[in-house]
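Colleague: Using the hints, position chains C, L, H and A against chain U.
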Amino acid sequence: MSADAATDELATATTAEDVRPDDGILAVESLRKEFGGLVAVDDLSFAVQEQEILGFIGPNGAGKSTTFNCVTGTYPPTAGTVWYKGEQVTGTPPHKMVKRGMARTFQSFAPLEDRTVLKNVALSMMNDTLVTVEGLLGEFHDEARAICERVGLDDRLYQTPAELPHAGMLRLELGRALGTDPDLLLVDEPFAGLSGPEVESVSDLLLDLRDEGMTLVVVDHNMRGLLQLIDRAIVINFGSLLANGSPDEIKNNPDVQEAYLGGGLE
Amino acid sequence: MSSGTGSETEAAVDSRTSGESILSVDDVHVSYGKVQALNGVDLDIGSGELISVIGPNGAGKSTLANSISGFLPYDGSIDYGGDEIEEVAPESLVERGLIQCTEKRDLFGFMSVEDNLDLGTYVRGDYAERLEFVYDLFPTLEERRDQHAHTMSGGEQQMLAIGRALMSDPELLVLDEPTLGLAPVILDDISEGIDRIQDEGVTILLCEQNVTFAMNHADRINLLENGEIVRQGSPDELRDDDYIRESYLGG
Amino acid sequence: MVNDGSSGSAGAANGSKNTGDEYNGNRSKLNRRRFIQAAGVGAAATGFAGCLGGGPGESSEGIPSEVTLGVLAPAPENNPIGAAIANSAELAAEKLNNSSDLLGDADSVSVSIKNTQESPSTGRQRYRELTLDEGANMTTGVFTSEVLLQLMDPISQQQTVHMTSGAASPKASNQVNEEYDKYKYHFRAGPINGYHLGQNMVDFLEAKGNDLGWESVALLVENYEWTNPVQQAIDDHIGDLDVDVVMEERYASGTSNFGPIYDSVEESGADAAFVAMAHTGTPAVVQWARDQRPFEFGGIHVLTQLPAYYSQTGGACRFTVSQNTATPQSELTDKTLQYAQDYNSAYGGFPVYTGYITHDAIMQWATVATERGTVNADEVVSGLEESSYTGTAGSLDYYGKDHEYAHDIKYNFRTDSPPETGVNPVFQQWQESDGSGTQEVLHPEYVSSADYQAPPWV
Amino acid sequence: MASTLSVALTIIVQAAMISALYALIAIGFTLIFGVGGVLNLAHGATITMGAFSAYYAGQLGLGLPGAVLASVAVPAIFAGLLYLGMVKRLEEEPIMVMITTLVVSVVIEQAIVVFEGTTSRSIPQLIEGQFSLAGATFQNLLGVMFVVSWIIIGLLFLFVNYTKTGKGILAVSMSHKGASLVGIQSSRINLITWIIAGAFAGIAGLFLGSWLTADFAMGQAQLVLSFSIVVVGGIGSIRGSVVGAYLIGFLEIATTNLISSSLQGLAPLVVLVVVLLVKPEGLFGREFAE
Amino acid sequence: MTDNDTSRLRLLLGRLNPLGLPLRQKIGVFGLAFLIAMPLLVSLPVVGRFVVMILPASSWELGLYNLAAALFFGMFAMSWDAVSGYTGEISFGHGLFFAVGGYTSAMLNMGHGLSPWVSVLGGVLLAAVAGVMIGVPALRIEGPYLSLVTLVAPLILLQVFIYMSDIFGGEQGLGNPENLVGLGFVSNYFLALGLFLAVFVLLWALTRSNTGSILTAIREDENAVSAAGLSTAKFKIFAFVLSGAIGGLAGAAYVHTPVGSPTPSELMSVIINVEVIIAAVLGGMGTIVGAALGGLFVAMLPDYLNLVEFTVPVIGKSISEMSFFLFAIVTLFLLNIFPGGVLRWGIALGRRATGRDGGGKEGMAADGGQSPEDAGTNPVAQTMERYQEYYDNMFGGDDK
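Residue numbers (my numbering), protein chains in the order written: chain U, 1 to 266; chain C, 1 to 251; chain L, 1 to 458; chain H, 1 to 290; chain A, 1 to 400.
Errors might be hidden in some of the hints.
Listed below are the simulated EDC-like cross-link pairs for lysine to aspartate or glutamate, each with C-alpha atoms no more than 16 Å apart in a straight line [as the list claims (entries may be wrong)]:
id	chain 1	residue 1	chain 2	residue 2
1	H	LYS279	A	ASP221
2	L	LYS401	L	ASP181
3	H	LYS164	C	GLU114
4	H	LYS177	C	ASP188
5	H	LYS164	C	ASP126
What the hints contain is simulated information worked out from the structure, not anything from laboratory work.
Computed from a predicted model, the values in this text were never measured in an experiment.
Next comes chain U alone, as it looks inside the complex (with noise of 0.2 Å):
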């Protein structure tokens, strides 16, 4: 098929230079994730520095969401390295992952329905200990009520996911993601289905975040919005690395207004 012919290209174009674990707080070295036969992810490799806001772009498909499972431990990669805070962290699971200190927001936002906010953000300040008199006296609330206000949920604290807009869900999906109070945070496509002043908001709030110290991956399949946000971009499409640079690069790189924009979109 002419697509797999251009995949090849394309992966031989863009050699990435070796990754090393002290590359970045998080770094990944020829990550590679099939799927029965199909290959998802393609000898990826990239490093993430500490405090930057990094955008993770790619047409829908192009592999970004594995590429995050992978590191984040929901799938094992089939081959490459993972390294965290210069450790090696290939494979561990992802509640191990979020002890590190890496926490993430789901695409398809997944809050627990049959809780009110405030709870579903207490769930993430919890222990990981089985047997525990903490909680007969809710004695998270009063940070987990801190941390919604922070994310701007302090008037919607007892309604239920179910009752939230859209915007609220992915707020609640950040809540969260704080909870655990995570170094790096990977944002699973925020803007999508938000309005204009919308993603303005939210994307202050990431501001903010990283002028505190922390360090943002964004994930989105398009980059209304995301130009402005981020320091830096990556971009791969069917699984391998396009490009790599400022958002002001990627714009011009022809290799992603060839693969990215050239068929037609946007």
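Modeller: Same frame as chain U, but now just chains C, L, H and A:
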């Protein structure tokens, strides 16, 4: 876009083609639990038209498509071929010629291409002619007639889904995100196919996130945001709209 | 009325198994209706005091005006074995009510029948209902050994005479022997215990071996409690005979497919399957007949003892031989035929072995109680130990407290004349005459009605 | 006397005949699972119902044809009513279907206990006599069972692959929404599969009862057998059910013949657990989506 | 949570004050007081008469025994709820744990002469091990497949018991192990009540603490729980082990009383497995209270039916004879009316009656944990949704 007026008068005002109104959506509300997915949508499609509904993820496009094809209960009124269809099951709508190609395609994965197409005629019967048309439209399908649907690529599956819908001789075809996740090359085939289907006289409602693609095909475009239609007009009119340019055309 | 109230302290402080809240069936006859009538402080106080173990006992003298017979039967509505127990108890009660001699002081003798569903837990529960809720003066019945063994403790707790009329496990009598004071309330009015059942099979084979012509047998026993001693007895005694045991299989309870087992029997070349079956009998016999397995079939097959079994199995039980307590035609005593006829006219059919035994048990109990002038359990126990009562199935005599089968009915094998004491079971064969089946008696001689017929396909 | 070869032949012939019945039992269960997406835990009780329908027909003197007819019609109607009355409105809640059908099976079994007791009943014999094959004798009944089961399975195969309704069944089993999109009414297809499954269970009950006698709990082992076969054979696959049935049938006959008759019923359980732990999608099942 | 311990203490004391409890909890406390005082109440005039009338037997002695048996079943039902109600993995063969506990304890006592108190501990331990054996596969196989495994596990155990009947006694079981507290009516009642309350308090506290909140979150969405830095595997296995141990405790203690014995029909029959599900579903899944009440109801209903001496005319059967059959029919009926659980329905009704529906949001926060009645959707619905997802994966996953 006004709401609240009767669908017939509205159809008369809005319809720009000579065809009679085949579908009128009037003040439709849909909610999932406490979340409002559609918030008073009005839409009118004349016979033979290709109308597109665009909008970002989560705007309510699929909800609209599913309400029209009978999969979701709604408040308000949807009128197809002169009848209110609120109580009508999706299968009966198929018999009446209203067919959806869903976003997930919903093919019979463990059946061959041919069996999938064959099942497309479940409510019609005699199909040799239509099969010929489908194979002519998407020659790949004929090449892969014995292959199981689940083993095909996304684009081929999309062709099969459209082909299967055509087999039941639709009057109104609702296409939900036919371009989702497709490689540009395949996109061209689909694009061409849609044009030819319209040429055959099939009315099409195209729900699409890919704005450029929708602009290239539609007679009229509706922009759906947060469950409401916020802009409406011909592709040319909307290309000049600042809001659209800024938000959707990478302006 | 016996209440060794001294031994019972508060229930909670009681660690031992046999003391506890000492209770007695007679006193706790506070069933709900009466309890409500009596209403008062007194009755209720008695109730609670009882649990503390120190309540005043009722007078133990005399026969009460109302006597309740508690009956435990497996599914009396649709299981013929259970029905025979229940119906015979009713018949016996009617006799007692009509009799001026027996239980003379009692105005009415009533029967309370409970379904054990062949389940130990249900049986236990029903037994407690009979003794605690209904205040039964004695209990009888019980077909399944598993149920009986679960009743031994409740019987000792309630200190009410229980006369088993169906279950064969000698573990019960062993318990009586080992802890007499605790378990002495249990008697087995029939059938002979499991060990004797096995011995009886061997005795029969020895006596009738020439007629049967079984030179080698395959021993098939179902894996239930009651067959353990049966198998033991056969193993102990069959060696004395000129018969080879070419196969011995204790097959799983709940077996429904006998194909593999019968294949093995055929392979072993046995002349006959020598069986001990009760719960699993129907599939065994139906598959034997329908497959026309090339071996004969006999031993103890409880279901073939049912008078209606021939029509129930479409004639599949034809040619099978089984031990039985009595048949409607076998005049074991002068009471046998009379009882069978009474039963037939009352219920339109003949009883199974449990019927004869239940009837005998109740009549013997009533006779002893009348002799002693009381229904007091301890009195009746010693009365029964001394009693020799001629019932429908033979003479009801019990082994003494020092015998390993204490309080079991005595087994006494005879061929040509009835024994003086104890019982001598019959062996029957289903034969066909005029298109319908009859239970012909092969043994003993003094009641036999036909000669053995071998199945034609063997 | 019995050579290894003839023992092997006996096992093979026996297993071949019995596995055909197993396949018949499992296919109904598979169909409902595959098409409706629910586990019908009353499937075993439906088999029992088939056997007892034949028994009652025999008691009423309806003769063999009456018994056969009753054993097919009563369970088929029952299954149809069960679907329409209870399962249909719970279709979105598979767990409630499991619980409800489990309780329904308890009701059926207890009804038999109340009215017939726990002892076995012999039901009219379908056919008498024996035949010889490879030096061993087998009941004619098993032969008939083998032939009839295969004919029924064959007919079902033709029905599913070559009729419009049959293809509708396949379509619904693969995608409910897809079926709706081509105009197939899932509820009608579901009803048909329940009726077919009920009729198959009834026939199986008739054979089982005629072969081994009938009792209230006879269906329990058949239900477990059905699970095992479906799990081994994969969801909704008729071919898989037949292969699964033969695999388990051979294993069972081999263990009961060669090791101990007490092991009856163990083979399907072990196979089930092993397959679930090692290859949960079954030998012929579709891969889970990933 | 560190701000001040005094306010915590005050909160705690406030919660323990019976007068400050919500109505439903007041009723619960009253019910418990009644159960504890009942053996004494029986001896009172008039009151005693009334008490005997409401007992599930027509004499108070048997009533206490029946109640004791019901309390053991209630414990068993709570143990089912702890795993199935909270994690959403429906166990169709919970009798496995009941049986492992009961048989182990009986065998240790009868075969090795251990004191029943010690052997009960052994039963609990082995049942916990059985919990691991089900819990570990449960990490891999889920939904209906796991239900099948749980359904089959006790059947395999039964086959082993039958095959090795020399050791396990086959279908007839193991006879009579020594009793923990003799044959006494009152002592056995208090034994059962004591264990029941201990289990109830333990499970109630655990499920209202963070642990319960995490378990229900697993039922809702495992990914979300992992994303919160919590090990779903650890909590799921814990739920199975806890449930196994408590189910084992119920079974072990039960066989060492006059009301129970180690037989398959009492400990692991299909009917036991069905009854426990019915108990929890009717009482309300994922509430512990519901399972406890449902368990008592399910265990006592046949006893009550048994007391009815009415004979149904046409079929000539008495109610008591058909008690289990009728029980099954009643259950079917109730399942069709209250699929969300009778308790939940009762709570909703009670809230409506007291006009507190939807109010008291701050009160909810003070409640802490995951109390069932303030949940937006109920566990039954969630569990169903969860199962639906598995089916969607199995049947609808062709398009990826």
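Colleague: Next step is simple, just say for each hint if it's right about the structure.
Modeller: Verification of the supplied hints:
Note on H/LYS279 and A/ASP221: the hinted pairing is violated, with a Cα-Cα distance of about 24 Å set against a maximum of 16 Å. Taking the CA atoms of L/LYS401 and L/ASP181, the gap is near 10 Å; set against the 16 Å cutoff, the hint holds. Pair hint H/LYS164 plus C/GLU114 holds up; C-alpha atoms about 14 Å apart against a cutoff of 16 Å. Between H/LYS177 and C/ASP188 the alpha-carbon distance is near 27 Å, which puts this suggested pair outside the 16 Å criterion.
Simply put, H/LYS164 and C/ASP126 have alpha-carbon atoms about 13 Å apart, close enough for the 16 Å limit, and the pair holds.
Hints 1, 4, counting from the list given before, are not met by this structure.
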